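Asks: Could you slot chain B onto chain A? The hints should help.
Protein chains: 2
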Amino acid sequence: MNDQTPQSIDAALAEIRAALGPKGWLEDANDTLKYRTDWRGAPEGEALGVARPASTEETAAVVRAAAKAGICIVPQGGNTGLAIGSVPTEPRPTIVLSTDRLTAVRTLDPDNYAMVAEAGCIIQNMQAVAAEAGRLFPLSLASEGSSTVGGTLSTNAGGNNTIKYGNTREQILGIEAVLADGSVFDGLETLRKNNTGYDMKQLFIGAEGTLGIVTAAAFRLMPLPRVRETAMLAVPSPHEAQHLLTSAREMSGDTVLAFEIMPRASFDMALKFIDGIVDPLAEPSPWYVLLEMGTSSPLDDLRAKLEAIFAEAMEKGWVTDGVIAESEAQRRELWRIREEQAEAGKREGTPRIAGDVSVPVSRVADYLEQSQATMNAYLPGLFFNCFGHMGDGNIHYTARKPASVSEAEWEEKKPGLTKRMYETALALGGSISAEHGIGSEKLPYLEKYGSPSKIALMKSVKQALDPKNIMNPGKVIP
Amino acid sequence: MNDQTPQSIDAALAEIRAALGPKGWLEDANDTLKYRTDWRGAPEGEALGVARPASTEETAAVVRAAAKAGICIVPQGGNTGLAIGSVPTEPRPTIVLSTDRLTAVRTLDPDNYAMVAEAGCIIQNMQAVAAEAGRLFPLSLASEGSSTVGGTLSTNAGGNNTIKYGNTREQILGIEAVLADGSVFDGLETLRKNNTGYDMKQLFIGAEGTLGIVTAAAFRLMPLPRVRETAMLAVPSPHEAQHLLTSAREMSGDTVLAFEIMPRASFDMALKFIDGIVDPLAEPSPWYVLLEMGTSSPLDDLRAKLEAIFAEAMEKGWVTDGVIAESEAQRRELWRIREEQAEAGKREGTPRIAGDVSVPVSRVADYLEQSQATMNAYLPGLFFNCFGHMGDGNIHYTARKPASVSEAEWEEKKPGLTKRMYETALALGGSISAEHGIGSEKLPYLEKYGSPSKIALMKSVKQALDPKNIMNPGKVIP
Numbered sequence: 000m001n002d003q004t005p006q007s008i009d010a011a012l013a014e015i016r017a018a019l020g021p022k023g024w025l026e027d028a029n030d031t032l033k034y035r036t037d038w039r040g041a042p043e044g045e046a047l048g049v050a051r052p053a054s055t056e057e058t059a060a061v062v063r064a065a066a067k068a069g070i071c072i073v074p075q076g077g078n079t080g081l082a083i084g085s086v087p088t089e090p091r092p093t094i095v096l097s098t099d100r101l102t103a104v105r106t107l108d109p110d111n112y113a114m115v116a117e118a119g120c121i122i123q124n125m126q127a128v129a130a131e132a133g134r135l136f137p138l139s140l141a142s143e144g145s146s147t148v149g150g151t152l153s154t155n156a157g158g159n160n161t162i163k164y165g166n167t168r169e170q171i172l173g174i175e176a177v178l179a180d181g182s183v184f185d186g187l188e189t190l191r192k193n194n195t196g197y198d199m200k201q202l203f204i205g206a207e208g209t210l211g212i213v214t215a216a217a218f219r220l221m222p223l224p225r226v227r228e229t230a231m232l233a234v235p236s237p238h239e240a241q242h243l244l245t246s247a248r249e250m251s252g253d254t255v256l257a258f259e260i261m262p263r264a265s266f267d268m269a270l271k272f273i274d275g276i277v278d279p280l281a282e283p284s285p286w287y288v289l290l291e292m293g294t295s296s297p298l299d300d301l302r303a304k305l306e307a308i309f310a311e312a313m314e315k316g317w318v319t320d321g322v323i324a325e326s327e328a329q330r331r332e333l334w335r336i337r338e339e340q341a342e343a344g345k346r347e348g349t350p351r352i353a354g355d356v357s358v359p360v361s362r363v364a365d366y367l368e369q370s371q372a373t374m375n376a377y378l379p380g381l382f383f384n385c386f387g388h389m390g391d392g393n394i395h396y397t398a399r400k401p402a403s404v405s406e407a408e409w410e411e412k413k414p415g416l417t418k419r420m421y422e423t424a425l426a427l428g429g430s431i432s433a434e435h436g437i438g439s440e441k442l443p444y445l446e447k448y449g450s451p452s453k454i455a456l457m458k459s460v461k462q463a464l465d466p467k468n469i470m471n472p473g474k475v476i477p
Numbered sequence: 000m001n002d003q004t005p006q007s008i009d010a011a012l013a014e015i016r017a018a019l020g021p022k023g024w025l026e027d028a029n030d031t032l033k034y035r036t037d038w039r040g041a042p043e044g045e046a047l048g049v050a051r052p053a054s055t056e057e058t059a060a061v062v063r064a065a066a067k068a069g070i071c072i073v074p075q076g077g078n079t080g081l082a083i084g085s086v087p088t089e090p091r092p093t094i095v096l097s098t099d100r101l102t103a104v105r106t107l108d109p110d111n112y113a114m115v116a117e118a119g120c121i122i123q124n125m126q127a128v129a130a131e132a133g134r135l136f137p138l139s140l141a142s143e144g145s146s147t148v149g150g151t152l153s154t155n156a157g158g159n160n161t162i163k164y165g166n167t168r169e170q171i172l173g174i175e176a177v178l179a180d181g182s183v184f185d186g187l188e189t190l191r192k193n194n195t196g197y198d199m200k201q202l203f204i205g206a207e208g209t210l211g212i213v214t215a216a217a218f219r220l221m222p223l224p225r226v227r228e229t230a231m232l233a234v235p236s237p238h239e240a241q242h243l244l245t246s247a248r249e250m251s252g253d254t255v256l257a258f259e260i261m262p263r264a265s266f267d268m269a270l271k272f273i274d275g276i277v278d279p280l281a282e283p284s285p286w287y288v289l290l291e292m293g294t295s296s297p298l299d300d301l302r303a304k305l306e307a308i309f310a311e312a313m314e315k316g317w318v319t320d321g322v323i324a325e326s327e328a329q330r331r332e333l334w335r336i337r338e339e340q341a342e343a344g345k346r347e348g349t350p351r352i353a354g355d356v357s358v359p360v361s362r363v364a365d366y367l368e369q370s371q372a373t374m375n376a377y378l379p380g381l382f383f384n385c386f387g388h389m390g391d392g393n394i395h396y397t398a399r400k401p402a403s404v405s406e407a408e409w410e411e412k413k414p415g416l417t418k419r420m421y422e423t424a425l426a427l428g429g430s431i432s433a434e435h436g437i438g439s440e441k442l443p444y445l446e447k448y449g450s451p452s453k454i455a456l457m458k459s460v461k462q463a464l465d466p467k468n469i470m471n472p473g474k475v476i477p
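Top to bottom, those sequences are chains A and B. Going by numbering that gives the first Met the number 0, 54 is the number at position 55 of the first sequence; the sequence numbering is gapless. Going by numbering that gives the first Met the number 0, 398 is the number at position 399 of the second sequence; the sequence numbering is gapless.
In isolation and in its complexed conformation, chain A is listed as follows:
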């Protein structure tokens, strides 16, 4: 970096252009705009250009040239992140490295339940390719139509089925990555057991591109669920939902794929702002659980299991009403209420604070109660819509400005509300970012709330692997 000059930068860019060919390099501001801009419309970042390597070798060539000249690299997958982690944010000479030409599925071995694919593969395509071979690609995300292998891995994305399959980390058997010096880490195994030294691939999972660029990954696959049963159940409060969850996991033989909680507010939002949404139950309920089970076995009577869980829960008063999907169309209708929350929230438009918090699964009910109480005491009349993956303790939190409160007062109170949202979670052993990562957006919160011992370790690993700080600077590391 010390010897960075306009000449050395030009030389590096020339080298990169030569390595990538005309399809692999964009520098016109219009062409690069979408790569420099967060999809939620954050201010555009500056970049010397966008590299679109078509192979691991080309990726390595880009990094080698950039490293020599001290040019920063922002790796980018589907650019669907929620923490401004995949666009340039720093005032240093920077290129975006998009994985959108790294799209090969390299191998698929159904008997080994494993699949190796390049970083730019779209998650939805991964699901389809695996399903064709009779296997489940276990990640299921709201953004799966555009999010990629590399982005999902780099943020350790979670999603709807974490209760059953875990997060992205649990799916990863191997990684190939280009390091900050342009060398290649060749860790693409597809083994279930391999204890030959430190498991270095773990470092790249959830590192948001700050330690290297993942170019390919080996994923474990699972038996494909051939039967699903889905129900929308009315519950009096999250406390009863907690009992239902514990019972459902046991009684179902651990076939619960998803356990989503929603308040009535979620239903009201969806009914008001989304076309074609119908309330599946006759009477409104304060809270709802969307429960889905799945099995690969033709010998599993999931409907009987679901009905037994339902019957016990009715008897115990955990559930007051419910509907079981009788068709795939009805199943989709139930899921739409949950999946359209982001869209409904956008259309509603009232100023809000939002968070992606987690707590131990057993503390979700306490967390919702305590956080709303303390926030309402600070600013009465808030409109809460806190829903999410109760089965893994992850709540997508929103609190909206009351109509009676002025914009000015709202702006003044927002930090205090956010503080209460986060600190209530932390007091229960929770986290300020469950599945969205840190990016640049949540850096101040990590700085404020992160464990100093963990941050010190992060810094020493970053220093060891990327001493020039050229890999996605300004992200993740306080």
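These are computed hints drawn from the structure, not numbers from a lab. One should not assume that every hint holds.
Within a straight-line C-alpha distance of at most 30 Å, the following computed BS3-like cross-link-like pairs (lysine-lysine) qualify [unchecked claim]:
id, chain 1, residue 1, chain 2, residue 2
1, A, K458, B, K467
2, A, K67, B, K458
3, B, K67, A, K453
4, A, K67, B, K453
5, A, K453, B, K453
6, B, K458, A, K458
7, A, K413, A, K271
8, B, K22, B, K467
9, A, K458, B, K453
10, B, K458, A, K467
11, A, K33, A, K22
12, B, K345, A, K453
13, B, K418, B, K458
14, B, K467, A, K453
15, A, K458, B, K67
16, B, K447, B, K418
17, B, K345, B, K33
18, B, K467, A, K467
19, A, K467, B, K453
Quick caveat: nothing in here was measured; it's all calculated off a predicted structure.
Replies: Frame of chain A, contents of chain B only:
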């Protein structure tokens, strides 16, 4: 290290003695012998003494004092490892740090399916404590009666149920560790989703104590299987076992807990050397599969599933005969054939080479065939007993000296046999150490066969976290 003197070492030991009290420090050679000696009887190592801290604070005090004086620390759990990883092997001033007084179960939250326990807790006790709360502690190891939380975590132990639950790594939600400078990493969360920066705890899993001393860990629990079904099935060859495995995973609804393969040699060994072993089948078979399924659901008809799997496999010729355990006693009898292999092998006594290799699950049959062919071509007449966790691709390999071969020729041929055992696995995308780790024993093989890019990364992480190389030196890092 440069200013290490007899005086500085004495001062450090005095500080350690003072921090630990009389119960916490052993230095008489007889008292320390068992801590300095590998359980398989490797030559005893040298140690200034054995520290037995009773808390994280005491552990940190020991490390601070040792670090100041450049004294090396060998962390030790149950000392049941299989790679000489937990005893002193280097000619530098060294203490053993035993976790045998760190035995508290700190918390157990059944509704969060999580349990926090200190490093010295015995795995069998963890299973019992979890079961009392109606939960499964998912690790099951041959050495579970003496292996510990810390040792299991530091070697990322696998065991019998990896096909269903994964290795130790997949069970770990949080870690508390004392680092090489005596500071404490406080990462004891019990969350399912937490993406706030690098997941630093991953570094300590499988690091065999070379990056710090794990003092406590948070484990995920699972629904407790209340019904198990176990069968011993005769299969013509590992190729048919492969078909059976794929079918069983799907047809059972992913309730396969264990899928162990054994050749007839395993049966012969057990029948000859172990009391009370009975061949459960009328006719001998070249190969066997021990299949176990389990479910937490009272609504799951596992017997019907097992019978359907069995019937299909008989029809297709994958299985030629079999027996289903009709009682817990019978189940234990079937398992004993598998579990007594280590003991039978010890009693048999013939010189042998042994390995703990893994390959992709789909390549186990090929691996057994190819490795035995190439080894037999190199030295005809070998007696093979290669059994293990086929469900996760992990084979415990032994090849014994033919009676016709002299001791001298055997010694000469051993390296060539080991080379063939490992290189055949590597050619199939396998590993030279599936679940036993590297320790000091397998270091030459990691050096020879390890990926240079991975070893380089390992070294930079080791350098960053333990620059003085005082944490278990001579282990894991080539």
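Asks: Within a Cα-Cα threshold of 30 Å, do K467 (chain A) and K453 (chain B) meet the stated pairing?
Replies: At roughly 20 Å apart (the allowed maximum being 30 Å), K453 (chain B) and K467 (chain A) satisfy the hint.
Asks: Holds or violated: are the alpha carbons of K345 (chain B) and K33 (chain B) at most 30 Å from each other?
Replies: Between K345 (chain B) and K33 (chain B) the Cα gap is close to 21 Å, so the pair holds against 30 Å.
Asks: K458 (chain B) and K458 (chain A): Cα distance at most 30 Å?
Replies: Holds. K458 (chain B) to K458 (chain A) sits at ~17 Å (cutoff 30 Å).
Asks: Next pair to validate is K458 (chain A) with K453 (chain B); report whether the Cα-Cα distance is within 30 Å.
Replies: With Cα atoms ~20 Å apart, K458 (chain A) and K453 (chain B) stay inside 30 Å; holds.
Asks: Holds or violated: K345 (chain B) and K453 (chain A), Cα atoms, limit 30 Å.
Replies: 45 Å, violated
Asks: Does the alpha-carbon distance linking K67 (chain B) and K453 (chain A) stay inside the 30 Å limit?
Replies: 22 Å, holds
Asks: Hey, K447 (chain B) versus K418 (chain B), does the alpha-carbon distance stay inside 30 Å?
Replies: Holds: K447 (chain B) and K418 (chain B) sit about 10 Å apart, inside 30 Å.
Asks: Would the pair K467 (chain B) and K467 (chain A) pass a check requiring their Cα atoms to be no farther apart than 30 Å?
Replies: 24 Å, holds
Asks: Straight-line Cα separation of K458 (chain A) and K467 (chain B) no greater than 30 Å?
Replies: 18 Å, holds
Asks: If you draw a straight line from the CA of K418 (chain B) to the CA of K458 (chain B), is it 30 Å or shorter?
Replies: 25 Å, holds
Asks: Between K413 (chain A) and K271 (chain A), does the CA-CA distance stay at or below 30 Å?
Replies: 26 Å, holds
Asks: Within a Cα-Cα threshold of 30 Å, do K67 (chain A) and K458 (chain B) meet the stated pairing?
Replies: 23 Å, holds
Going through the hint list in order, the structure does not satisfy hint 12, though it satisfies all others.
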